[in-house]
Amino acid sequence: MFVLSKKTALAATSTSLFVLLWSSGAIFSKWGLAHASPFAFLLIRFAIALCGLALLAPLLKLKLPKGGKPMLYAIATGVVLLGAYQIFYLLALNSKVTPGVMATIMGVQPILTVVLMERQRSASRMFGLALGLAGLIMVVYQGIGLAGMSWAGMLFGLLALASMTLGSIMQKRITDNPLGTLPVQYLAGLLLCAIFVPFQPFHFEHSAGFIVPVLWMGLVVSVLATLLLYRLIARGNLVNVTSLFYLVPAVTAVMDYLIFGNRLAALSVLGMLLIIIGLAFVFRKPL
Numbered sequence: 044m045f046v047l048s049k050k051t052a053l054a055a056t057s058t059s060l061f062v063l064l065w066s067s068g069a070i071f072s073k074w075g076l077a078h079a080s081p082f083a084f085l086l087i088r089f090a091i092a093l094c095g096l097a098l099l100a101p102l103l104k105l106k107l108p109k110g111g112k113p114m115l116y117a118i119a120t121g122v123v124l125l126g127a128y129q130i131f132y133l134l135a136l137n138s139k140v141t142p143g144v145m146a147t148i149m150g151v152q153p154i155l156t157v158v159l160m161e162r163q164r165s166a167s168r169m170f171g172l173a174l175g176l177a178g179l180i181m182v183v184y185q186g187i188g189l190a191g192m193s194w195a196g197m198l199f200g201l202l203a204l205a206s207m208t209l210g211s212i213m214q215k216r217i218t219d220n221p222l223g224t225l226p227v228q229y230l231a232g233l234l235l236c237a238i239f240v241p242f243q244p245f246h247f248e249h250s251a252g253f254i255v256p257v258l259w260m261g262l263v264v265s266v267l268a269t270l271l272l273y274r275l276i277a278r279g280n281l282v283n284v285t286s287l288f289y290l291v292p293a294v295t296a297v298m299d300y301l302i303f304g305n306r307l308a309a310l311s312v313l314g315m316l317l318i319i320i321g322l323a324f325v326f327r328k329p330l
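In my numbering, the protein residues as written are 44 to 330.
Among the clues, some could well be false.
What the hints assert, rightly or not - Using 20 Å as the maximum straight-line C-alpha spacing, the simulated EDC-like pairs for lysine to aspartate or glutamate come out as follows: (1) Lys106 x Glu248; (2) Lys109 x Glu248; (3) Lys104 x Asp219; (4) Lys112 x Glu248; (5) Lys215 x Glu161.
The hints are simulated quantities; they were obtained by calculation from the structure and are not laboratory data.
Generate coordinates for the entire structure from the input sequences, incorporating the hints supplied.
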């Protein structure tokens, strides 16, 4: 009985830690963007994450993909899942989209991923998708029509959602050595950012306002949180791993309010609730 309780406590601790770390991503990114251009922040973050993974590779026994096709597929997945997604995500935050709104938009991603991958779509999951999309429309309408956020910022947010959804579908097809693809994917993301650097502003401050966020994103979120998620999946500590993302928009919105003073409007809160209810319908077990 004691062993079971200990395992349950460890699982709850790991899950709570992951949600907190993952939810903090938008907060620290927003903080860093106040002291650096988007591509400078992202390029240095990817470089830090890559160095962190390289140092941990012997300890974690990471093995790179073998063969031409697995390597090319890992690179392509990294370009979409890490490169394109992170670029659009930071551009949205840099265009005055608040972390709470951004997290709520990204809350639709698990719904889209599952529904698009399913060949036989149940009525329950299609209803969940409809609720999630209705919530997304409310958040976008609130952001552009009522809160005065830029069309460009919301477009970048939707492109981040599309990139994350496509990248997640690509990543789900990597069943052999998925953890070993991380270094390759971060390298692909870094190279994609490097392509745009000559054509974009590139500057950062030598201050704690830049150093702390970029280290947090590069090591804590990009490495620790990702490895923690893989560990939770591998050890089966979660009934449904995707259910973790139920909490991320709400936790990020609370952090956004406490740290930056950005309060979600009533319409955005309603949109968030619809997205969470939609997730519940999409991932609930058949009776």
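Taking the hints in turn, this is what the structure says about them:
no. : hint            : in the structure
1   : Lys106 x Glu248 : 36 Å, violated
2   : Lys109 x Glu248 : 40 Å, violated
3   : Lys104 x Asp219 : 14 Å, holds
4   : Lys112 x Glu248 : 41 Å, violated
5   : Lys215 x Glu161 : 12 Å, holds
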